Structure formats: C-alpha cells, structure tokens
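Read top to bottom, the protein sequences are chains A and B. Residue numbering for the first sequence follows our numbering, starting at 18 and increasing by one per position. Residue numbering for the second sequence follows our numbering, starting at 1010 and increasing by one per position.
The set of hints was computed from the structure by calculation and includes no laboratory data. The model shown is predicted, which means the values in this text are computed figures rather than measured ones. Treat each hint with caution, since some may be false.
[Said to hold, decoys possible] If you anchor each label on the Cβ, the simulated ranges turn out as follows: (1) B:Tyr1055 - A:Glu77: 46 to 54 Å; (2) A:Gly384 - B:Leu1053: 28 to 36 Å; (3) B:Tyr1055 - A:Val355: 31 to 39 Å; (4) B:Gly1087 - A:Asp378: 17 to 25 Å; (5) B:Ile1104 - A:Ala58: 47 to 55 Å; (6) B:Met1061 - A:Gln180: 30 to 38 Å; (7) B:Thr1121 - A:Gly333: 49 to 57 Å; (8) B:His1073 - A:Leu403: 25 to 33 Å; (9) A:Arg33 - B:Gly1087: 48 to 56 Å; (10) A:His253 - B:Glu1123: 51 to 59 Å; (11) B:Tyr1055 - A:Pro226: 32 to 40 Å; (12) A:Ala148 - B:Glu1058: 36 to 44 Å; (13) B:Ile1104 - A:Asp163: 43 to 51 Å; (14) A:Ala58 - B:Ala1068: 47 to 55 Å.
[Unchecked claim] Covered stretches of chain B (in silico footprint by chain A; criterion: 3 or more residues with CB under 8 Å from a CB of chain A, positions within the stretch not fixed): (15) 1077-1085; (16) 1142-1150.
Note that the Cβ used here is the ideal one computed from N, Cα and C, for glycine as well.
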Amino acid sequence: MNDATPDRRSDSPAWRAAECAARESYGKLLALLAVRSNDVAAAEDALADAFAAALARWPETGVPNSPDAWLLTAARRRLVDGARHQQATDRVHAAVVAELTPTRAEIDGASDVPDHRLALMLACTHPAIDAGVRAPLILQAVLGFDARRIAAAFMQSPDAMAQRLVRAKRKIRDAKISMPVPDLAAMPERLDAVLDAIYVAYADGWGNPQDLTMDRQGLTGEAIRLARVVVELTDHEPEPLGLLALLLYVDARRRAHRPAAGGYVPLTDQQPAAWDGALIDEAEGLLTRAASVERTGRFQLEAAIQSVHGARRRTGTTDWAALLLLYDDLLRRTGSDVVATNRAVVLAAVHGPAAGISALDAIRVAGRVESYQPFWAARAELCARLGDRPAAHDAYQRAIGLAADPDVRRFLMDRSQLPHAE
Amino acid sequence: MSIGHRLVRHCTRTATANRIPVPRAPTVSLLLLGDYQHMKYLLLIYGSEKAMASATPDAMSRMHSAYGAYTTALRESGVYVAGEALQPTATATSIRGAGAGANVLDGPFAETKEQLGGFYMLDVPDLDAAIKWARRCPGTDGGTVEVRPVMIIPG
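Next comes chain A alone, as it looks inside the complex (with noise of 0.2 Å):
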C-alpha cells in the first residue's frame, strides 16, 4: 500500500469521514452477511477486509454515494474467494484493495440494504448462548467493537473475553442457531432476552465511573444507541420503547450521580436541578407511547419507576407509596434479589425502617445476596435509622468490603462513622 499519500493518514477528514461512514454500517452489514451464512466470524472477516479497503481508497475517491452498497459488494467478493487471501486486514496490499474494489454496475445492484440487525441480535442472545457473553457479543456483531475494548467496558480480562466471543460464534455456526425474519408476537422471551443484553450493558457502564465521565461515548452510550435500534427495528413494540425510555431517565441523572468533582451521590441525595429535563421529558414522551399499548412488562414499570423519581423535580417530593406499588408489580414478574433490595428500601420509606429490614431479612434467607453490596448499604441504612449501631457497623463494614468502586466506598465510610483506627 502506498503510504504517500497524506490523505491516508488515519488523522486525516477523509479518512475519518471514512470511517464514520462505515461505522455507521457496520451492523447492518454484519447482519445481512452473517443471516446468510450463519457464521458470524467469517462474515466479521470479510467484512474487515472489505473496511480495510474502503479505508484505503475512499480517502481518494471520497466516499460512495451508497457506502453501504460498496462495502457489502466488497465483503461479498471476499466471502466467495475468502480461502484465497491469508493476509492480515491491516496490511490490506494495493493489488487486494483492486479486486474488492466494486463496480458501477455492483453497487446499483445492491444499493437497497435490508436491516438485518434485528435477527442478529435474537441470535447473540439465544439461550444456548452462555447469558454473560450476551451482551458482549450485540456489541460486538451490531457496533463493530473490538474484544480489548469490550473487555476494557466489561472489566473483564481481554484474552478471557475474545475466547468467550469466539466460543460463542462458533456455537452460532456450529449449532445452526437461526436467524430468521423474527416474529416478535410469536417471541416476546427472545426480545426479552435482547433488552436484558442491553440493559446488562448500560448497568455496567453506569458501575463505572469512567465510562460516566465519557461523554457517552462508553458502554451507557452505546447502550443507549443500541436501545435506539431495537426500538426502530421492532415497530415501537412497548417493551423496547420502555427500556429505552428507562436508560434515558437514568441517563438524564449522571452528572448529579457523579459529580464533575468528584463523589457519589445516591438518587435521594440529588438536587433534581442538576438532571438532564430534556432527557427526563423524551423519556416521559416514550412511556407514554410504550403505555399506550396496554401490554405492561419489566421494563416499562422500571421505566415508570424512573418517572415517578424523577416526578420530584416538579413536586419537590417523592410518592413512595406510588413506588412501593410498581416494584410490588416488579418483584412479582421479576422474582430478582436487585428488585427485592431496592423494594425493601422504598417498603422503609412507607412503613419504616422495621418492615424494611425483615423484608430484606426475608431476601436473604435465600442466601444469593451474601456478596451482593447494594443489600448491605440498604440494611446498614435501615438499621441505623432504627438506631441499632451494632447491626448498621456490621452491615457497614459488609457493603464496604463489597463496594469495587473507590467514591462508593468512601461515601458508605463517611455514612458509617467507622472507629477510624481499628
């Protein structure tokens, strides 16, 4: 490859508007090449190689008219004679570029893209994909991420992770696990599952304080941008429109949740001036239409959880007997310990903290909550309210040993008043 040329360098407008351009297909691309082939690794190769030369000539030629009808041609081409080339995508030879190169009358054959997208995902997150990997692999297959900075996103070791999405791939080609034109009305568990990877990848974004401070260009981002497409692509069933609408009230706190300075802030502790009310009022507009429909599901009442919290930036307080209702409704859809704990705390608010406790006791009678922090913040709070100091210390010193993020621990030490010296 001739690297003369200035405007192939990686910082040049062109190049970027390159890349811009083929970021926006990447997904919809991956999708129609991989429902052909159900293999999602061979589809992912191609389709880098066709990248690889799109990089290479469209800096010069400027970008196609149809970006994606070029790249698919390319991809296409190197699908059928894939076996023929080795070579690595980043040393993409001149000659090799040549031939992905497509022509005229190729382009304006494949200028209209159907949208895959959909079916790529209900595939990612088929049961018979192992549930931690689910996730990773949407952002993988629909945005194109590579595996060191979905490991990086996840917190997870790299290697580990490039195993797990390889493994996974293979189980979709080897199994057969299929991509068919879904029916949504025939699956709602499969959507289910889609929105759960979703939802999994923003609450981990959101763990991280990091990825808060990215100016939504990590996971919460791209979580969001996710939901954006699952909404479009299902015809504005409820669910989707709920979980969008969810991430979005959530998101319209970040910067009160984690100040520019530094610290955590819990929901109750937040001035509802320092919340995004554009995001909050987008998101109202969702529910609305998600509600509209009549069909309530998990997302939808968390969503409405989110609104009747954010409903304080206009009443100054917070209904917690209009809370205690929806995760009454939650919990008993969701059966989920996370649903369980935070019901508990609004249980607090609305018959003290007493009633609180024994339902937290109740939780944790299962014994799945033993390591789980979020459990033993909510417990150290109620005990101390009720004034008993030994129970709030042990509870205390279980949440801070759990807590992995620095500000969080600080913040519960603060709460505790710990004997500084032990």
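Knowing the structure of chain A, use the given hints to seat chain B on it.
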C-alpha cells in the same frame, strides 16, 4: 402527574390478575454447586510506598478500615484462604544464586514504581469471580492488584 404515576393505577388494576408466583431463577453459582472445580487465586497488591509514607494519619486509618471491611466480606462470602500485609521493601532481603556463587542482598529483587505491599489468597470457582473480588480490593484505588491463578500440580 408523571406517566409513571399513571402506570401505578394500571399496576393496581392488573395486580390480582398477575398474582401467579414467578419461580426464582437459581443463580449460576447454585446451579454449579457441588460439582464445580475450585481454583485458588493470589491477589498481589502493588502500591507506591512513597505515597504511603506521606499519607496522613486519617488516610491511613481509612485505608486500614477499608481493608478490614474487605477481609470481612471475603471471609463472610466463604472465599478467603489467606491474606497478609507486608512490611516495606526497605526490610527486604534477596538471595540470588546458590552454592559458592550465592549472593545475599539488601532490598527487593527489582526496583519498580509500585511495590508489593500485601496479598490475599482466594478460593473461587473461576477467573471472573477472582477479578470481581480483585476489583473490590482497596488496593486498586491508586495502585494495582494482580490476579494470579495458583498452579495445579497433578498427582
């Protein structure tokens, strides 16, 4: 009134219709209980001794409290095997070579920006669990925690 409030009314309306108890999904650890292979992992805690030496008494006592809480959480969760804090590298002695060529030297084997200041040994199902615990270690705040699987010697 927010849309959330309007949905509350819907919830109370449908509450009775929905009162079918949802079975709780067992967590992964429960599914695996009994037949998963335990692994031991060493968490090696590296930090700047220089920074430590200039820390305020308040910061030091907070650090001690944080480590105390972390150790409690490890024990209560049943993953703790061992853990110790080490004295500074100024107290270290290194022995290099054997027999006639043996050298006994003052100080640590290598000069580094961060020094080994302590360790934990954990007994957990897999690397993910070890990383999860390593992330909770107070040593990650301003330092590095290295996770090393313990080698299984067959036989």
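Now for the hints, and whether the structure bears them out:
1. At roughly 49 Å, the beta carbons of Tyr1055 of chain B and Glu77 of chain A sit within the given window of 46 to 54 Å.
2. Between Gly384 of chain A and Leu1053 of chain B the Cβ separation comes to about 31 Å, which falls inside the hinted range of 28 to 36 Å.
3. As the Cβ distance of Tyr1055 of chain B to Val355 of chain A is approximately 33 Å, the hint placing it in 31 to 39 Å holds.
4. Checked against the hint of 17 to 25 Å, the pair Gly1087 of chain B and Asp378 of chain A passes, with Cβ atoms roughly 19 Å apart.
5. A C-beta distance of roughly 50 Å is found between Ile1104 of chain B and Ala58 of chain A, which places it inside the suggested range of 47 to 55 Å.
6. Range check, Met1061 of chain B to Gln180 of chain A: about 37 Å between beta-carbon atoms, so the 30 to 38 Å window is met.
7. In this structure, Thr1121 of chain B and Gly333 of chain A meet the distance hint of 49 to 57 Å, their C-beta atoms being roughly 54 Å apart.
8. Between His1073 of chain B and Leu403 of chain A the Cβ separation comes to about 28 Å, which falls inside the hinted range of 25 to 33 Å.
9. A hinted range of 48 to 56 Å holds for the C-beta pair Arg33 of chain A and Gly1087 of chain B, which are about 52 Å apart.
10. For His253 of chain A paired with Glu1123 of chain B, a C-beta distance near 53 Å keeps the hint of 51 to 59 Å intact.
11. Our hint of 32 to 40 Å for Tyr1055 of chain B and Pro226 of chain A is violated, since their Cβ atoms are close to 21 Å apart.
12. Taking the beta carbon of each, Ala148 of chain A and Glu1058 of chain B are about 42 Å apart, inside 36 to 44 Å as hinted.
13. With their beta carbons about 44 Å apart, Ile1104 of chain B and Asp163 of chain A fall inside the hinted range of 43 to 51 Å.
14. Separated by about 49 Å at the C-beta atoms, Ala58 of chain A and Ala1068 of chain B satisfy the suggested range of 47 to 55 Å.
15. By the rule of at least three residues with a Cβ nearer than 8 Å to a Cβ of chain A, the coverage given for the stretch 1077-1085 of chain B holds, with 8 such residues.
16. Interface restraint, the stretch 1142-1150 of chain B with chain A: holds (5 residues with C-beta to C-beta distance below 8 Å; minimum three).
Taken one by one, the earlier hints fail for this structure only at number 11.
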